[in-house]
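Starting from the structure of chain Y, add chain C where the hints point.
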Amino acid sequence: MPYGIDKAPGKSARIVEISGLTKFFGERMAVGGIDLFIDQGECLALLGPNGAGKTTTIHMLLGLVHPSGGVINIFDEPMVERLPEIKMRIGVAPQMDNLDPDLSVLENLLTYASYFGIRRRLARQRADELLDFFALGDWAKDIIEHLSGGLRRRLLIARAFINSPELLILDEPTIGLDPQARHLIWERLDELRAKGATMLLTSHYMEEVSRLATRVMIMDKGKVIAGGDPANMVKEMVGRDVFEIRGDRQELDGVERILSSCKADFDRRADRLYVFTKGPCPELEALAAEHRHVTRRPANLEDLFLKLTGGVLKEE
Amino acid sequence: MTPRASMVWMRNARVWMRHVTASLIGNLGQPFLFLLAMGYGLGGHIPPIKGLTYLQFIAPGLVTSAVMYSAAFEATYGSYTRLTTQHTFEAILMTPVSVGDLTIGEVVWGATKGLVSGLIMLMVMPFFGVWPSPWALALIPILFLEGVFFSALGLITTAVADNYDFFNYFTSLLITPLFLFSGIFFPVDSLNPVTRAVVLSLPLTHVVTLSRKLCYGDITDGWVPSLLIVVVSSVITTWISAVLLRRRLIK
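Protein chains in written order, with our numbering: chain Y, 1 to 316; chain C, 1 to 251.
A portion of the hints provided could be inaccurate.
Chain Y stretches covered by chain C per the calculated footprint, using a threshold of three residues with CB under 8 Å from any CB of chain C [to be verified]:
1. 56–67
2. 99–111
3. 188–196
In short, the hints are calculated from the structure, not lab data. Quantities reported herein were computed from a predicted structural model and do not represent experimental measurements. The C-beta atom is built at its ideal place from N, Cα and C for all residues, glycine as well.
In isolation and in its complexed conformation, chain Y is listed as follows:
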């Protein structure tokens, strides 16, 4: 298979299993006893506000942070005892750019391959494939310092594939990129996921998560507060449609009164009323049809995220 994705051999389809994982930095609890698993072929997205403990969790998976408690098993092996062997089979695209700025694009890939003990010829072959796949071929000989942010990100992700990983960890893979660059990365990751790659993803872009993740876990203050299939979670916890109604206070009071019989959640914010419907609501349909200050859209992951992590949304 091209682009270096190996399906995990062996009987178990469980790639990662974590239980009771905890981390304290001094007094501060960064991760508070989380349980988590990833099966082969899944793309699990960890969502959460900054400081929720996502990156700390990933760093514990990689042995870069010592857990204060809990057990991590990866590929059915205890992480603590078999760290180098396990890391041979993991690819990481970190949140922070840590490419070698003095080296060229190609040299970056070859150097990284050497840390995995990949022979020069095979490394060269994989590097060429990855440069091609991530559309980096034109820059192969360019020094990293002269590259744009989008190109660096692409290389950072390409580098994660150099060892044909069975588990790919992507920590905010498209952070700070323009839409074009982001879409190119999404297309590539989509393609790899369709081929059966197992991924752990963290992100702040809900569009990215909706597109790539097969399952999401929402973290807040070091705890997992919800998890499951993203579409089902949105349907169950937010609703089917969101109506956004603009108007002054009296108007919105009136609208809320009319809609009180509907099965829906309401949220008021400044001059806007958000209505999250859980079933058909003819009054609202009528309102939307005649009122031009009403917009309607399907409920999405962002609504769920804001609701659960204490954004502007509150349960009615």
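Coordinates of chain C only, in the frame set by chain Y:
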């Protein structure tokens, strides 16, 4: 060196090859200028020491100081840049390379740079009219060990440094005094007993002694304890640097 440590070494070598000229001039400039100023300038006014002209007397010591400066600077400014601004260590630790591999790769790399500087100094000595004996070949592993010691010492400093200014302590309080008081510029035995004891406790003193002996083929006696001190201090500092680097990198 473990295979993974050698990959860390290779990575550094690859980057170094891009700036090799600037790097060598930076590392060798100082010992060269000292050789000129002290050896030729001052040396003309100084009577021979133990049968050696002043230039002959200081040249072997300046070989060892070139090793010290190159190794120590690589393991401080160089390693600290890889630790902090470039996040190279973090990138490496996401692969199967362990902190132990990383430490050994970094220490041996610093020692290699030290050795390269020392060898260049050794090779240019004849241009100053100083001809080393064939025994000087035996000096090569000793210079490498000296490089390991100073590289590890630098890495220890790197592991506890908060910023680049911290290395001023390292340079001013450790490296410069070692350079001046390790018997490079004056014979240690002419000192009063107390000062002499202090100077003999400094690791560089023993490398300078060995360097001078081997450069002029004087292998009579006194080299075993010096060699032992160099070996033991290199091993201990490397071990400490691994412990401290682990503490810095794994939270």
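Hint by hint, here is what the structure shows:
1. 56–67: Since 6 is at least three, the answer is holds.
2. 99–111: Holds: 7 residues of the segment 99–111 of chain Y have a Cβ under 8 Å from chain C.
3. 188–196: violated (count 0)
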